[in-house]
Amino acid sequence: MIPERLKDRFVDIFLVSIVALLILFFYVPILTLVVFSFTSSRVLTFPIEGFSLEWYGELFRKPDFLPAVANSAIVAMISTVFATVLGSAGAVAWIRYRFRFQNIFRAVSFLPLLFPQLLLGVVMLLWFSVLGNWLGFSTGLATVIIGHIVYITPFALVIVAVQVYGFDETLEDAARDAGATGWEVFREITFPLLWPGILSAATFAFLLSWGNFYVSYSLAGTARTLPIFVYSGIAVGSSPIYPALATLNFIPALILVFLADFLRRRALKRQKLAPA
Amino acid sequence: MRTDSKRWGDPILVATVAPLAIVMLLFFIIPLVMTVILSFQTTQFYRLSWTWDLKVWTEVFSKPHYWTIMARTVAMALVCVVVCVLIAFPAAYALATRLRAYNAQIQILIIFAFLTDAVLKTFGWILVLDKSGVANWLLAHLGLGPEALNLLFTPTGTMIGMVYGLVVYPMFTIYLSLARIDRDLVLAAYDSGASRLRAFFEVTLPLARPGLYCGAVLVFVLSLGAFLEPKVLGGGTSPLASELIRQSFETRVNWPLGAALTLVLIVIGALSLALAAVVLMRGNRGRTVQ
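Protein sequences, first through last, are from chains A and B. Take the first sequence: its letter number 36 is residue 36 in my numbering, and every next letter is one higher. Take the second sequence: its letter number 51 is residue 51 in my numbering, and every next letter is one higher.
Keep in mind that the hints were calculated from the coordinates and are not lab data. One should not assume that every hint holds.
Covered stretches of chain B, as calculated for chain A (at least 3 residues, CB under 8 Å) [to be verified]:
no.	region
1	18-24
2	106-118
3	125-133
Since the structure is predicted, the reported quantities are computational estimates derived from the model, not experimental observations. We treat Cβ as the ideally placed atom computed from N, Cα and C, and that holds for glycine.
Let the hints inform the model, and build the full structure from the sequences given.
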């Protein structure tokens, strides 16, 4: 018979190692790309033969990925702004208000999250093609942006909704009792308290848009975003420039995620201190 | 939680609801309706002709080739669900019970990995799974046989990629369910003499069920549309529905067919969503007696 305490230890070790293994699993392809980006060989085999910065050099001697980066940046910035604003407003309506047709609103604003991106892209492509035939436009960056907004807004909505859910309305009442107007209450109380959630939503939105392949692929027409550029590159055969490109791509995302978390935590700390 | 009842005349309600509702109506609902309409049209000489016809649907239903691929897609999605849940549940449980102190750090690590470019990560998997890749090198050096394991361009390769991309969803939903469980309920079970195992199966697991079902359905529905993984990691050897849809658009320029196949997948997804909703509701009704 194994003693109960020992059995508990085993369960603890099992559970913790599952999480450790899972995190390792998440980073397997990412770390592999980083390692391969420093290879000196043209052939991508493991273990790598030697370290060099050759492929970073190659990347900047032939910077044909830059237009794709520019497109991705335009798309990500515009769709982040729209998705965050629409999602934040929607989140308030989701959680705080009760109104007619509320369930329809909830379903319609949440459904794209439950949609495989490929199908979302295809369905929108059909619509834009028919519409384009009538109105005389073709798919391009503008349709990609619209596609991203539809796909990303539900994510932003969920993130802000969590913040709205934990919102202490007595603070608003107190401000109103102290004579604040509706706009003042919003500016001084509601918005600052929701800000951490809105910030996380914006970060999420930006990175989801930046790395989005499916929706862009369906709606881009001849325009190219970074994931499309990489996809058409690796479809032809693995070139050693892609690990270097990937590694460079990870750095801003890393900074953004940590920055957003730092700001969110600072805001949360303030929020905790505020009522005292 | 306080909710305010609002009428449609209220400007604040209109301001918060209308923009989002209009965007979703114009670019999500109408496109869906258009897809249904298009599936009843036909093409002539690669051009759409607006004549109502059941031709495409009879083709979809009569070709066994399509059904094989649809069945394979559903089978892959089901396997993906099982694997994802088996990984996600213990991980979410560990996060909710044992690793509370490191929760924030772990979440950041996961979110970063989740949010980086999917195409790049898939490319990373090529370098791992390739015959001369990281996985084979590791296996050989761990003494698990020098025989090169051919994972790239197999359904297993596809499955690894799909699980990789989707396991975050059930982990998140299950974690949310588990984190909301009142610790006193579990302690009460211990007090009344339940063993840890029994308390887990009779208290924790039933209360985590909503998260479990939501996560499972999310994985199922989202994996129906997997395209990168079967293409890049599976090498197109056993094509899934996504490939079929892409071909009908790009190679055959047959929009009505593409629309119909897309609708088949959407209906499969919607039915599974509805099924999960029914199961969840029934579970809730059983528990209201508490």
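task = Could you tell me which of the numbered hints above are not met by this structure, giving the numbers in increasing order?
result = Of the numbered hints given earlier, the structure breaks none, since each of them holds.
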